[in-house]
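Colleague: Take 1 as the starting number for the sequence shown in this note's numbering and just add one per residue.
The reader is advised that the hints may include incorrect statements.
Keeping only pairs whose Cα atoms sit at most 25 Å apart, straight-line, the calculated SDA-like set for lysine to any residue is [stated by the list, open to error]: (1) K357 - L376; (2) K180 - I207; (3) K311 - A379; (4) K11 - P59.
Hints in this document: simulated from the structure, not taken from any laboratory.
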Amino acid sequence: MTIKYDFPTVKEEVLELLRGKRPERASKRISRLHPADRSELFQELDPAGQEIYLSVVGPAGLADLFEHLDSETRSETARRIPPSILARVLDAMTSDDAADVVQSLPDDAAEMVMAEMRTAGSVRPLLAYPAETAGGLMTRGYVEIRPDMTAGEAIALLRSTQPPGGEVYYYLYVVSPGNKLIGVVNLRQLITANPSSPVTDLMTREIISVLPGTDQEECARLLQRYRLRALPVVDSDGNLRGAITADDLVDVLTREATEDMYKMAGVGVKERALSPLRESLRRRIPHLVTNLATAFLSGLTVGTFEGTISKAASLAVFMPIIAGHGGNTGTQVATIVVRSVALDELKKKDTLSLLAKEISFGLIHGCLVGALTAALALALYQNPWLAGVVFFAMVGNVVVAGIIGSITPLGLRAIGMDPALASAIYLTTFTDVIGFLMLLGAGTLLLSHLS
């Protein structure tokens, strides 16, 4: 689709029409926008403007809007629409997206909407599965064909099938009379085949499928690994229950990557740059207060060596250098490992290889930066003992940071927790403490040579 309009200009025009209470003209202008642009426009309106928008756009237009809103905004908007109208909106959506909206409603409101929906029969089965599983992501909008059909008969069936919510069919699923999935036919294969060719000659029998309880990240990995456009969902007996389309799993990958990034930074996973102040306070303050508490631990560690620092104040100059570089090293390693875990590139058997690599990297890297830092110490204080203490502390802290940055995400995964929780807040505190202990501990042992 070619966009032939200047969206910023059109957006301002529509905003003026809505503010000026000229809904008919606004509706016509909105209908000419791409659904993604309608979503951006809607989210820039104040509550009063959004109410006008909802009143001038019909169910089909609202269905397009809902497809492009983030889950939080979509849920909030759905609660503002009367059940009878919301039912028509959901009827125009794909079954998986409609199920997501229904699940976000209070139980009584969800039942009222479902009672009004024409497509409730295809949506209700999806409500039995958690949202972040294959069952929660799958759609009932797919085409089944029989193994005794020809290519021409399958195309005729496809032409007579109206895809819900503008769904695109990439594959047709060959099922036995008992609904068992026995093959998959690529749409391109079907179109280019001789119309008299049996479907069984065209179908792929080696099927990549998932169970309804499969985690969404695993589904996304399979889709990416095998370059699929859709992924069938079958029960334990091999019966076809639904299909997950590529666009849904691309959204999953985006959400998971964002969630991991936010968790690594100690930020609420729903935080946005323009989130309301109240939401930002609620989501970010607990992490920052925890960071303050862990900083107290670093302070207490330094306090233990107060006597050493008073006699060898030069050590204080190198404390932030060693602690900071160790924290950066550990965060770098943890970020790489978290990503590799998310992409399923790291197995349990790889743990020792990973540790050996990071220890080797830490020794080489530590010697390099340790030598540079020791050279600075020697240039400033002309004390080779101080340079040696600084070198030892830097090498030791960098090696420890690499080990901790490697094993923390893997340990969290082993106990069933999210590896991304190995956030910089906790990792840097650990490397601060280790760095201070090594620097000030070695300084205490060699105090007579430093003071």
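Colleague: All hints, please: hold or fail.
Modeller: Verification of the supplied hints:
1. K357 - L376: Roughly 28 Å separates the two Cα atoms, so the pair is violated.
2. K180 - I207: The hint holds at about 12 Å.
3. K311 - A379: Between K311 and A379 the Cα gap is close to 20 Å, so the pair holds against 25 Å.
4. K11 - P59: At roughly 21 Å apart (the allowed maximum being 25 Å), P59 and K11 satisfy the hint.
Hint 1 from the list above is the single one not met by this structure.
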